[in-house]
Amino acid sequence: MAQAKKLAAPGLLESEAIDRAKRGDAESFEALYALHKRRVYSLCLRMTGNTAEAEDLTQEAFLQLYRKIATFRGESAFSTWLHRLAVNVVLMHLRKKGLPEVSLEESMEPQQEDGPKKDVGARDNVLAGSIDRVNLERAIESLPPGYRIIFVLHDVEGYEHNEIAEMMGCSIGNSKSQLHKARMKLRDLLRLSRAGKLSRR
Amino acid sequence: MNCAEFQKALPYIIETGGNADEETHLKSCAVCSDLVQDLRYIAEAAKLLLPMQEPSPRVWSGIQGALEREGLVRPLAGTARFRPQAATILSPRPWATGGNLLAFAALLLIAVTIIWFRNHATGPAMTASVSQTVSSTAVDDDDNQVLSAVEKKSPALAAIYRENLDSVNAYIRDARRTVEQDPSDMGARDHLLRACDEKALLYKMALARTEQ
Amino acid sequence: MVSISNGLKWSLLAAGFLPVVAFAADNRKEFRYTVGPGASIIVTNEAGPVDVKGSVGRQVVIVATTHSDKVEVDCDQNGNRVQATTHVLQRSQDADDSRVGYQVLVPSDASVTVRAPGGPITAEKMRGDLTLEGDAAQVNVHDVSNAHVHVRTISGPVSLGNINNGHIEITSLSGDVQLDAVTGPKVSVNTAKGSIRYSGDFEGGGDYLLVNHSGNIDVALPASASVDLSARSISGSVENDFPLQQKQHPSFAITQGRSFAGTSNTGASSVQLRSFSGKIRVKKLTH
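Protein chains in written order, with the numbering used here: chain A, 247 to 447; chain B, 22 to 233; chain C, 2 to 288.
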């Protein structure tokens with residue numbers, strides 16, 4: 247298995263930790279947590295934009311993992327399995343809260359506010375090379391929840407549109423459209439942020 | 022093809038490429054070209070975002086408590102002890118100043134205690150090194166450092182921190198004593214973890230005060 | 002953003018009621034922002050009250066009242082995040098000099114974080130998540146639904162009332178915690194020596210966990226409550242005055258005066274009461 251080579255900690259392969267965890271070994275649980283906590287927490291934090299929620303969801307994701315670990319057969323990489331579980335935990339939580347995930351009545355027409363200015367005038371400088379990680383993280387945090395979820399799942403976490411559509415219960419077209427809107431919104435936020443920096447110089 | 026038509030199709034072609042008309046427009050229109058460049062750049066930059074954030078220690082405390090309450094964990098007999106966190110945290114490190122010191126002390130406290138009661142949970146006598154660590158005055162020195170730091174920044178709060186440090190230390194002592202007497206008492210172990218969690222919270226809040 | 006400075010001293014002078022010197026430095030500033038859904042508001046205030054209230058609409062209104070020129074209030078908006086921070090410019094012997102009072106009106110779905118060591122902190126009528134941190138601050142939260150509520154104090158008492166479908170986590174080292182009509186999928190309270198009082202029906206099939214070291218835990222619930230309840234005090238005592246169908250517990254032996262466990266009605270909600278050396282009392286609510 248691909249993950250057999252990964253070390254859960256010095257002297258302990260991830261595959262060994264998984265086997266031991268299936269038998270209830272406390273230290274193996276801890277090793278798996280230490281190995282994967284950042285990725286799971288970062289995912290929860292980016293999708294919810296809230297540290298308290300993200301911590302609770304991280305806890306829930308790992309608990310569900312440990313409850314189900316006996317059923318893990320190695321058909322996929324452990325990290326993929328855990329990641330998908332974490333995404334489902336977050337999405338279920340957001341559904342319970344009634345937050346909009348994807349607009350099901352998505353208009354196919356480009357929204358006025360989403361389009362760039364088409365008027366004649368000097369072109370704005372492109373963003374390439376001007377964004378740092380902190381600004382991008384902040385901008386993602388500022389996105390409306392529905393846009394943020396799709397953006398994080400696709401662009402940050404690497405899920406394909408067909409996977410996102412299945413998880414979110416929407417169409418592939420809807421997923422693409424929402425992703426586009428998220429990126430457009432980020433573009434606006436990042437340009438504003440850059441303009442703000444330049445004006446303070 | 023005009024810009025409106027191109028941008029209407031853009032969500033569906035940005036990754037796979039468009040038809041001949043769309044490609045022609047993209048090559049000839051500076052506004053749409055800049056737009057596509059920006060959107061692609063954002064997508065690429067997002068891929069490079071690393072999972073940098075770390076959850077607070079209470080997350081693991083919560084998981085651990087739940088695992089024990091649900092009876093999902095038990096130590097394996099005869100397996101080699103595995104302590105990656107301890108190896109990292111307990112190895113000698115240069116003392117950092119100020120806030121880093123407090124944060125380090127909080128983490129050390131939790132790690133030491135978790136390792137300590139794992140030793141007890143599996144029955145064998147404490148190793149000399151762990152025993153020394155647990156009964157050493159290192160924790161007391163850290164407490165004094167915390168209190169001094171709070172006193173310097175917020176004298177009004179120092180008395181409150183002192184009193185509560187005493188309370189939580191008493192909690193840790195009581196819980197630890199009970200676990201020593203009966204290592205199989207999951208409830209007592211849960212109390213010990215929670216007590217450490219509360220002490221870590223106190224350290225964390227003290228750290229926040231000193232940074233203000 | 003609109004910023005309005007309001008010198009109290011002039012109005013009081015005009016009224017002729019009060020000497021100038023007592024109110025010379027009172028200064029009220031108002032900040033207004035428009036935010037989208039799921040906004041995040043963060044208030045950091047070393048000394049002084051912070052009152053947060055949810056409202057309809059998409060406006061955030063922050064009113065900050067200072068009492069000296071030794072503090073400064075900084076408010077800004079970055080996208081959907083609004084941050085208000087008190088900066089103490091100069092430490093003074095007079096504690097009032099660094100006090101700032103905040104009144105914060107936010108969209109009810111906003112997430113709010115308040116760090117106010119002195120407090121008190123109040124939050125009401127919210128549907129968004131709350132993270133409230135106060136060292137000695139008294140924290141009051143009421144009329145909140147469908148939200149995560151995280152409260153951390155060192156010695157500040159905590160009071161929660163009328164919270165529905167909440168995900169609640171409270172940690173206080175020595176502050177007393179009072180919960181009235183607080184329900185949700187998860188309610189967790191930890192104190193070291195603070196007492197914990199719960200009054201309500203533990204509704205919703207959630208997980209309720211009340212834990213302390215040496216304080217008392219007092220629970221009052223109606224006969225209609227559907228709970229799977231267990232209580233244990235390792236070296237303290239337990240008293241039960243609530244009808245339960247007794248049962249064994251998987252993690253500890255039932256010992257007279259030290260632990261009990263049982264169910265009521267369908268046992269929908271899990272209620273765990275744990276004290277190290279305090280007294281746990283469970284009573285039936287009669288009203």
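Source of the hints: derived by calculation from the structure; they are not laboratory data. Keep in mind that the hints are not guaranteed to be accurate.
What the hints assert, rightly or not - Looking from chain A toward chain C, a few residues come up when the C-beta cut is under 8 Å (computed): (1) N296; (2) E299; (3) G320; (4) S322; (5) K343; (6) E383; (7) R384; (8) A385; (9) E387; (10) P390; (11) P391; (12) L435.
Even glycine gets a Cβ: it sits at the ideal position worked out from N, Cα and C.
* To do: Hints the structure violates: just list their numbers, smallest first.
  => 3, 4, 6
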